[in-house]
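Asker: In case you want the letters, here they are:
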Amino acid sequence: MKKTIKRLSMLLVGVIAASILLSGCTKNTSASSSDKINVGALFELTGQVASYGTSEYNAVKLYIDDTNKNGGVLGKQINLIKADNKSATDESINQATKLIVENNVVAILGPATTGNTKAASSIALSKNIPLITPSGTSFDVTVDTNTNKVKSEIFRACYTDPYQGKVMGEFAAKDLNAKTAVIYIDNKSDYSKGLAKSFKEQFEKLGGKVIDQEAYVAGDQDFKSTLTKIKGLNADVIFIPGYYQDTAKIAKQARDMGIEVPLLGGDGWDSPDLLKIAGASALNNVYYSNHFISTDPDPIVQDFIKKYKDAYGTEPDAFAALAYDSAGMLVQAIKDANSTDPAKITDALANLKNFKGVTGTISIDAQHNPIKQTVIIELKDGKQTLKKKISAE
Amino acid sequence: MKQILKNRLLIFIGLFAIYGIIQILLSTNILNDYYEINIVLMGINIILAVSLNLINGFTGQFSLGHAGFMSIGAYTSAIITYKLGLSFPLALLVGGISAGIAGILIGIPSLRLKGDYLAITTLGFGEIIRVIFLNTEYVGGASGLSGIPKYTNWTWVFWMAVITVVLIRNFINSSYGRCCVAIREDETAAESMGINTTFYKTLAFTIGAFFAGIGGALYAHNFYIIQPETFNFMKSFDILTMVVLGGLGSITGSILSAIFLTFVYAVLQDYAALRMVIYSLLLIIVMLFRPEGLMGTREFSLKKLFKKGDESSEFTVN
Amino acid sequence: MKTFIEQLINGLSLGSIYALIALGYTMVYGIMKLINFAHGDIYMVGAFTGFFASTYLHLGFVPSLLLAMLVSLILGVTIERVAYRPLRDKSKISILITAIGVSLLLENGGIILLSPQVRTYPQIFKQHMYSFFNGIITISNQQIVIFVVSIIMMVGLQLIIYKTKIGKAMRAVSTDPDAAKLMGVNVDRTVSFTFAIGSALAAVAGVLVGIYYNSIDPLMGIMPGLKAFIAAVLGGIGIIPGAMVGGLLMGVIEALVSGYGSSLYRDGVSFAILIIILLIKPTGLFGKNVREKV
Numbered sequence: 001m002k003k004t005i006k007r008l009s010m011l012l013v014g015v016i017a018a019s020i021l022l023s024g025c026t027k028n029t030s031a032s033s034s035d036k037i038n039v040g041a042l043f044e045l046t047g048q049v050a051s052y053g054t055s056e057y058n059a060v061k062l063y064i065d066d067t068n069k070n071g072g073v074l075g076k077q078i079n080l081i082k083a084d085n086k087s088a089t090d091e092s093i094n095q096a097t098k099l100i101v102e103n104n105v106v107a108i109l110g111p112a113t114t115g116n117t118k119a120a121s122s123i124a125l126s127k128n129i130p131l132i133t134p135s136g137t138s139f140d141v142t143v144d145t146n147t148n149k150v151k152s153e154i155f156r157a158c159y160t161d162p163y164q165g166k167v168m169g170e171f172a173a174k175d176l177n178a179k180t181a182v183i184y185i186d187n188k189s190d191y192s193k194g195l196a197k198s199f200k201e202q203f204e205k206l207g208g209k210v211i212d213q214e215a216y217v218a219g220d221q222d223f224k225s226t227l228t229k230i231k232g233l234n235a236d237v238i239f240i241p242g243y244y245q246d247t248a249k250i251a252k253q254a255r256d257m258g259i260e261v262p263l264l265g266g267d268g269w270d271s272p273d274l275l276k277i278a279g280a281s282a283l284n285n286v287y288y289s290n291h292f293i294s295t296d297p298d299p300i301v302q303d304f305i306k307k308y309k310d311a312y313g314t315e316p317d318a319f320a321a322l323a324y325d326s327a328g329m330l331v332q333a334i335k336d337a338n339s340t341d342p343a344k345i346t347d348a349l350a351n352l353k354n355f356k357g358v359t360g361t362i363s364i365d366a367q368h369n370p371i372k373q374t375v376i377i378e379l380k381d382g383k384q385t386l387k388k389k390i391s392a393e
Numbered sequence: 001m002k003q004i005l006k007n008r009l010l011i012f013i014g015l016f017a018i019y020g021i022i023q024i025l026l027s028t029n030i031l032n033d034y035y036e037i038n039i040v041l042m043g044i045n046i047i048l049a050v051s052l053n054l055i056n057g058f059t060g061q062f063s064l065g066h067a068g069f070m071s072i073g074a075y076t077s078a079i080i081t082y083k084l085g086l087s088f089p090l091a092l093l094v095g096g097i098s099a100g101i102a103g104i105l106i107g108i109p110s111l112r113l114k115g116d117y118l119a120i121t122t123l124g125f126g127e128i129i130r131v132i133f134l135n136t137e138y139v140g141g142a143s144g145l146s147g148i149p150k151y152t153n154w155t156w157v158f159w160m161a162v163i164t165v166v167l168i169r170n171f172i173n174s175s176y177g178r179c180c181v182a183i184r185e186d187e188t189a190a191e192s193m194g195i196n197t198t199f200y201k202t203l204a205f206t207i208g209a210f211f212a213g214i215g216g217a218l219y220a221h222n223f224y225i226i227q228p229e230t231f232n233f234m235k236s237f238d239i240l241t242m243v244v245l246g247g248l249g250s251i252t253g254s255i256l257s258a259i260f261l262t263f264v265y266a267v268l269q270d271y272a273a274l275r276m277v278i279y280s281l282l283l284i285i286v287m288l289f290r291p292e293g294l295m296g297t298r299e300f301s302l303k304k305l306f307k308k309g310d311e312s313s314e315f316t317v318n
Numbered sequence: 001m002k003t004f005i006e007q008l009i010n011g012l013s014l015g016s017i018y019a020l021i022a023l024g025y026t027m028v029y030g031i032m033k034l035i036n037f038a039h040g041d042i043y044m045v046g047a048f049t050g051f052f053a054s055t056y057l058h059l060g061f062v063p064s065l066l067l068a069m070l071v072s073l074i075l076g077v078t079i080e081r082v083a084y085r086p087l088r089d090k091s092k093i094s095i096l097i098t099a100i101g102v103s104l105l106l107e108n109g110g111i112i113l114l115s116p117q118v119r120t121y122p123q124i125f126k127q128h129m130y131s132f133f134n135g136i137i138t139i140s141n142q143q144i145v146i147f148v149v150s151i152i153m154m155v156g157l158q159l160i161i162y163k164t165k166i167g168k169a170m171r172a173v174s175t176d177p178d179a180a181k182l183m184g185v186n187v188d189r190t191v192s193f194t195f196a197i198g199s200a201l202a203a204v205a206g207v208l209v210g211i212y213y214n215s216i217d218p219l220m221g222i223m224p225g226l227k228a229f230i231a232a233v234l235g236g237i238g239i240i241p242g243a244m245v246g247g248l249l250m251g252v253i254e255a256l257v258s259g260y261g262s263s264l265y266r267d268g269v270s271f272a273i274l275i276i277i278l279l280i281k282p283t284g285l286f287g288k289n290v291r292e293k294v
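Top line first, the protein sequences correspond to chains A, B and C.
So the first sequence is residues 1 to 393, counted in the UniProt record's numbering.
So the second sequence is residues 1 to 318, counted in the UniProt record's numbering.
So the third sequence is residues 1 to 294, counted in the UniProt record's numbering.
Bound-form chain A, shown alone:
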């Protein structure tokens, strides 16, 4: 019996020691000093969509560093805490929790994609911390579609999938006078599917007809078989709502095969890499919707492009512009709230009006979506030209 007790106590001691050890290494990062405002930057820095997340993190960092150089906000410096969700939903939850409970952030910027944003939102909502996603475009990111309630702490800087698809559907039918269209989607991406759906609705409402829908999977190399099929259908336009790594390859292979009809896309097309991969000759008769155009003479836009280029050596893409504005919106909200209390920042974000950002003058609507301009860019030999500007509704 004595032995048993001895063993038992040893076991207990072991367990306690282990748990102390575990909790011992917890309290090292939570330096919540009052002279700094902790803001979380939760992005896809590695994994499948690392290129979007990295762009966005870079832009956020640029804005925050600038703000800090100019005296910070409310007289305090912003302490940007970087977290990597590895492009995975479980890691988004894990990291969002860490930012909130360990680092005591007052707000989270990011993530870039819809799925990861939804995951991180679940934590932000339960802890009442505001979260702004630069590019989580799905409608139900900010609205719970089961209850039709707006998710109180979740905001975004981009417009939604349904809106963008609608704009392009209208553009195809009215401006390009297209009667038939083929849609070529990225089967792994809900962004792509969302755009395709609303494009189809709007295009057919205006008398057009979508004659076929094809799909690829992000990262594919060979699009020629499907493009051969599409070529045979002789549609007036091809709508490819995907991201630039794939759409660039599609554009190149389509033009190589002699498909000359207009190629349409969404803001996923906007990247300096598009030109690098597809080459200038393939990028004619290409139209896509975007948040801003790099040739816009507005000093805010030019200033942003110059700073980004100086800091990172490449032109910013749409992701970077949106992330830059997200950071701007947050800083503005902290100023408006005149407080670093998360609840007050949330209120200020919900009431944000006429914030002048790179992607236009932004006001937040009742569903926490931005009201702002849309531009349709036409590519001529890979160069951006403004085709159409649609101002805020």
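None of these hints come from the bench; they were simulated from the model.
Everything numeric in this text was worked out from a predicted model, so none of it was measured.
Glycine included, every Cβ here is placed at the ideal spot set by N, Cα and C.
Take the hints with a grain of salt, since some may be wrong.
Derived DSS-like pairs (lysine-lysine); straight-line CA-CA distance at most 25 angstroms [said to hold, decoys possible]:
1. C:Lys2 - A:Lys231
2. A:Lys307 - A:Lys276
3. A:Lys356 - B:Lys150
4. A:Lys209 - A:Lys229
5. A:Lys229 - C:Lys2
6. C:Lys33 - B:Lys114
7. B:Lys83 - A:Lys197
8. B:Lys114 - C:Lys2
9. C:Lys281 - A:Lys380
10. B:Lys114 - A:Lys151
11. A:Lys380 - A:Lys179
12. C:Lys126 - B:Lys114
13. A:Lys76 - A:Lys380
14. A:Lys231 - C:Lys33
15. A:Lys356 - A:Lys76
16. A:Lys127 - B:Lys150
17. A:Lys69 - A:Lys335
18. C:Lys92 - B:Lys114
19. B:Lys114 - A:Lys149
20. C:Lys126 - A:Lys383
21. A:Lys197 - A:Lys231
22. C:Lys126 - A:Lys276
23. A:Lys309 - B:Lys83
If we take Cβ atoms under 10 angstroms as the criterion, some of the chain C residues that face chain B in the derived model are [stated by the list, open to error]:
24. Leu106
25. Asn108
26. Phe133
Calculated Cβ distances over 12 angstroms to all of chain C for the following chain B residues [to be verified]:
27. Ile24
28. Ile106
29. Thr202
Chain A is already provided as a structure; the job is to place chains B and C on it using the hints.
Answerer: Just chains B and C now, with coordinates in the frame of chain A:
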């Protein structure tokens, strides 16, 4: 007999102590939410690793489709709670059973194959399951299911992990389990001894799949959202790494390495690519210098720890 | 008809690439009974070497190709030497796990060293289209290059295997390694040589893919690697003509599925082919049944 009873009692008290202490630390917020997530993840990984070990380690059937079974459990359980609004225990059970059925369906045809062929076939099945989920609108296609209620907590995970480990351990120590081990050692010999190898292989496969399904169900109810992409073959490799590192054929090995690797994962948070390099180097180095894994087929046992030099059978689990 | 022929040509170009990768799988399997999971990543390394050679060293097509072959060859032989050889007598599972480890190492090492960004291959051949029979058959010069290079490589391989001494050794080791050893064949050297040839062929496939699709990234080897493996199984793993036919067949099937069925299920179809083949005729199209001896 008395000794066995006493040992059992000891283990039981030990388990309650671990459960109680962590529960207290969690509820007093000494261990905050972030730690809870990682502790829960450890528990889920233990379930996954131990169940894969039954297939790969004890029965010697090299499966690379564990993430596929996990996804079936995750999706079915999410449908039960989220879509149909039924209770969580039922969801766990149905998640496990449907993964188990998938285990039978996939097991019977593929277990005619051996070694590398089996590995690649199970990998193929895992990918096919993923493609099916990807193209099923009912479960959200590529965007997956989001808004799954959070039911998984330390209590559920801890006791499910305990049940998994105890059941699998008992299975292995039963005559059925001995047959499985015999198949691992030499399939032809086992067959000639009158063991119905197909039956036992399918049985191991089904049980492994069942618990993988439970692991998946716990996972789904811990992470709010599930997407087909979460369950690609990298996930299977992750689980495989745990099993291999711990030792093919050692339950305690799997438990320890699941805990250790989840811990490493959390610590190396900021170095994702490096983490994968470390994982892969671990796999290679362990295989080159200790192909049987850290624990081999041995089990970590308290008895051994306390009474040095005592003989202990290969199959005692603490 | 015209579209069908176009799809066929698309399929055959993709298939030639699968075939080149599949040859490496099949040769290694034939001689070591090992699925070299890292083979797809050797193909990736080949593609990147070709990229650096032509972009930064400004080498032409043939020198870049040769350099890529050389680098991949050294890599393949090193991997075999360091990671596989010590385990040759151990259980098959441990060597398979090592292979998975090597594959993960190359992919993630690639991400760290080369960044996950997609790279654009330089245009070595300016695109031209050629038409035959009043435009019924149109083929691009890149596709012609793929066919020509693939055929040269495959014929060369056949010559090495059937007309040289080392080829004879390879066949001997593949049939029975112990007997071959007794007959004085240097097994280690033969295995190294097999890895060298297989890796060099994968590098050729990598460079051709770079030219044909003009973009590469560190994870490009995963899917083609799996597909090529399926091709090897389809033709009968361990059988060299089988890998060629299997590769071409896989390419054509994929092109037809995307062209006439739904591109949604293309990857699913490849795995379904694998499973059907394994269940109905695990030895593949060209395989003979071998009874297991105790």
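Asker: Check whether the Cα positions of Lys83 of chain B and Lys197 of chain A lie no farther apart than 25 angstroms.
Answerer: Judged against 25 angstroms, a Cα distance of about 23 angstroms means the pair holds.
Asker: If you draw a straight line from the CA of Lys309 of chain A to the CA of Lys83 of chain B, is it 25 angstroms or shorter?
Answerer: Between Lys309 of chain A and Lys83 of chain B the Cα gap is close to 48 angstroms, so the pair fails against 25 angstroms, i.e. violated.
Asker: Is Lys76 of chain A close enough to Lys380 of chain A, meaning Cα to Cα at most 25 angstroms?
Answerer: Cα-Cα ~46 angstroms, so violated.
Asker: Straight-line Cα separation of Lys307 of chain A and Lys276 of chain A no greater than 25 angstroms?
Answerer: holds, 22 angstroms
Asker: Once the shortest beta carbon distance from Phe133 of chain C to chain B is found, is it less than 10 angstroms?
Answerer: violated, 38 angstroms
Asker: Taking only the CA atoms, is the gap from Lys114 of chain B to Lys2 of chain C under or equal to 25 angstroms?
Answerer: Violated: Lys114 of chain B and Lys2 of chain C sit about 44 angstroms apart, past 25 angstroms.
Asker: Given the hint that Lys114 of chain B pairs with Lys151 of chain A, test it: the Cα-Cα distance must not exceed 25 angstroms.
Answerer: violated, 52 angstroms
Asker: With d taken as the least Cβ-Cβ distance between Thr202 of chain B and chain C, does d exceed 12 angstroms?
Answerer: holds, 15 angstroms
Asker: Run the distance test for Lys197 of chain A versus Lys231 of chain A: straight-line Cα separation, threshold 25 angstroms.
Answerer: holds, 22 angstroms
Asker: For the pair we were handed, Lys356 of chain A and Lys76 of chain A, check the Cα-Cα distance against 25 angstroms.
Answerer: holds, 22 angstroms
Asker: Can Asn108 of chain C be said to touch chain B, with a Cβ gap under 10 angstroms?
Answerer: At 4 angstroms from the nearest chain B Cβ, Asn108 of chain C passes the 10 angstroms test, so the hint holds.
Asker: Against the 25 angstroms threshold, does the CA-CA distance of Lys380 of chain A and Lys179 of chain A hold or violate the hint?
Answerer: holds, 23 angstroms
Hints 3, 8, 9, 10, 12, 13, 14, 19, 23, 26, 28 from the earlier list are contradicted by this structure; the remaining hints agree with it.
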